[in-house]
Amino acid sequence: MTHTLHRRGTDESLKNDYVLLVTAASGINHVGSLDKLRKVLEVIWEVGPANVGSQHLGTILQGYSLEEIKAALNEVPRIRCAFSSKEKVREIIRRLKELDLGISVTVEGPTTDIVEMSNEMEIKPHSVNLSLDIWGKKEDLPSEEILEFVTMCGHGLVSQYLVKEVTEDVKNGKKTPEKAAVEIGIPCVCGIYNPDRAIELLQKYVPQK
Amino acid sequence: MLVDQEKCIGCGVCVPYCPAAAISVVDEKASIDQEACLECGNCFRNDVVPCPTEAFYEKPGIYEEPRGIRRFFSDPTTTHSVTKVPGRGTEEVKTNDVTGRICRGEIGVAVELGRPCLGTSMTEFEKMTTALAAIGVVFEEANPLTQLLIDKKKGIIDPKYKNEKLVSAIVEFSAPIERLTKIMETIKEAAKSLDTVFSLDLICCFEADGTLPVLPVLQNMGIKPRVNSKVNLGLGRPYKIIRQPQEV
Ligand code: SF4
Ligand code: SF4
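Line by line, the protein sequences are chains A and B. Numbered per my numbering, the first sequence spans residues -16 to 192. Numbered per my numbering, the second sequence spans residues 4 to 251.
Extracted from the complex, chain B is given alone in its bound form (with noise of 0.2 Å):
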């Protein structure tokens, strides 16, 4: 983003809502940090930041590659033209009982680097894609930053996306449940060397006498839930829980 030099009247309203501290105001005009700004959005909207001059406006090839990348991925209200699949990630359990994304003796498990607050690069993102494609992850095709990878078997970053800086970037695949202790293990020990923090979800279906299979592991492992989760109540149709032999 760019702040048009003849319209800023260095009022400083701008600069607490950029969540990257990109913008700062020097001898009475506010600039944006290229490196630091993640293409956001927040200060070019009208509605969200006053500016009093309206000064914000789009850096020429802002929607190209490879910068594009910041721009789809951290704004949520653009859709994407650089990987041509809306959001940061899927729709994972929200239409679950409708897809069966992620059906009985399954996990779903989203890594989502640089939230809160942090932000990540890719460099960051594949820190966490190049360890779990070691045990074998396959990573989510219908993940946006699954499509940046040039090779998803090593969970390599297509190198022209490697300086790019994200609000977050969001690992995402699905395993038998079996392989759950390996994979916290996996991403227990990757989170070691990042830069960055992630939150960390975990998708499962309830059994029929409504327990979660997951639990019991992640007790074993000494992992506690938070007490908030995500419920899809089941009352999306076609209903689909299980999964048939001829899908796997």
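Isolated chain A (complex conformation) (with noise of 0.2 Å):
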């Protein structure tokens, strides 16, 4: 499905924000996928995520190793993860090009700068997933501020309630930014929901001494 598209926010709170997608195509490429990926996540690693999950387990906000996601890993793999700077993705990307695993790797973030790097790599992108915004009903929408953190999960799984009770938390002094932004995206249990971006989202909640 699309969970890593309609992530919302300033396109200056987007800028940093990228979600890395390499997934095998049932049917088609996956046989002998398994092995490939568990290198591609050793790669990831290496370059420095902000976040990594298997909805069959859980991500590393939850607590479990690269070994545990790595294991869990299944027949039709996987992998997504979230990275907090362009110069990491531009990275990865070239480490997947070098690596030629014959795997469709998607990156979500700011589109010019996507498709700049991958010019510069001399990558010619297939096709793209645009976000046409949200329709309908949306007075019945919370605030800005509140959807720029639910829709870093786009399974639905971080409750506008509980960022609207971790924010009061960070207002009144009783949570640190840190601490608050792993608390809201530990619902994610993909591993897409980037807790830098969180972090820097939640600053301006801290009461100035």
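In case anyone wonders, no lab produced these hints; they're calculated from the structure. Where hints are given, some of them may not hold.
To be verified - Dumping the calculated EDC-like pairs for lysine to aspartate or glutamate here, alpha-carbon to alpha-carbon at most 20 Å:
{"id": "1", "chain 1": "A", "residue 1": "K(-2)", "chain 2": "A", "residue 2": "E151"}
{"id": "2", "chain 1": "A", "residue 1": "K121", "chain 2": "B", "residue 2": "E192"}
{"id": "3", "chain 1": "B", "residue 1": "K191", "chain 2": "A", "residue 2": "D116"}
Quantities reported herein were computed from a predicted structural model and do not represent experimental measurements.
From these two lone chains plus the hints, build me the complex, please.
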């Protein structure tokens, strides 16, 4: 599904928010892909992701280790992880191109930056999934500030009520942005929630001394 | 989902974690509004909700029809037994370089009802499927929700699922690029009668010169894609971007 799309926020706050997806296509190239994807996870780990997970197990934010996540990959393996810098994404694309595994690589993030990085590496992107925004009864939605956190989990598991409660705790000085960012992200079971971006978003709530 | 009343100590820790606001604590005991619960599984995951007594348990029959669709479509950690297809939708753009599901000259559309935050009933889903079916849209067979339609030509949902609510439900289809304007107009019109929101996706292949042919069409309609998107880099093999005439 489309769970990594539709992350909301200003251009500024989205500029260092990327999701990397490496996915074997069932019935076409999934046979023998398990070891390839385990290798990809190792490369991702070396580059330094903000979050990694597997929806069959959980994420590093929930306390699972890379080895546990690697072991949990199934026969049609898929990797989902978040990165917090364009430079790291550039490096991961470079290394994935070099590995030439023949497995689909999709990057969510600012479109022009992804296309520009691809061009630099003589990669011709195949296709794009554009977000045409939210439609319908928008008046029932919470504020954009809340949506910025909620939409980092595309499966809808980060509750707006949890975001409200935890941001209140930051405002009252009961929690640091670092602690709050992890607490909000724990329900995202596949690892695309970006805690680094959440910390940045939460800084504005820290009471001034 | 249910709360074991013997175990619950009424601490309220679980309450904010529920995206459907279905949990409340009354007289120092938590309980779940079964109509509102989308069976997303959040509260049941001990590594997510730190319930001190592990009081949540799955309702007997939770995986059976018709309520089972709440569980299978709302909880990304489950694998369907109702539809036999995993996930809420297809792999859409994620493996498109290999599957060639959307080739040049085509568009892929996903209307994800209920996302973000509000959730959706299957009745809302049917408002969209009937509107799109009326203009001849053919729904994606590999999308598990398509399997819940009893009349795919009219977009009618099997009545036994009508009272079910989900975190989100994706109407998914592909079409020739020439139909983009008509499809967007139809979606825009159907949006007016909805009691929920939807997030809208549009998939398209890059042309050989790197341009995206949908952009001028969208601009004409006053629709501006958001700054962030999902780009398939085309590193998968076998690679497919042109549909052969005999496949159409
Ligand atoms: S299963 Fe999900 S929707 Fe139902 S009570 Fe638990 S958290 Fe809320
Ligand atoms: S967290 Fe557990 S013990 Fe506390 S109110 Fe919820 S169900 Fe009851």
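Each hint tested on the structure:
no., hint, result
1, K(-2)/A to E151/A, "26 Å, violated"
2, K121/A to E192/B, "15 Å, holds"
3, K191/B to D116/A, "12 Å, holds"
Hint 1 alone, counting from the list given before, is not met by this structure.
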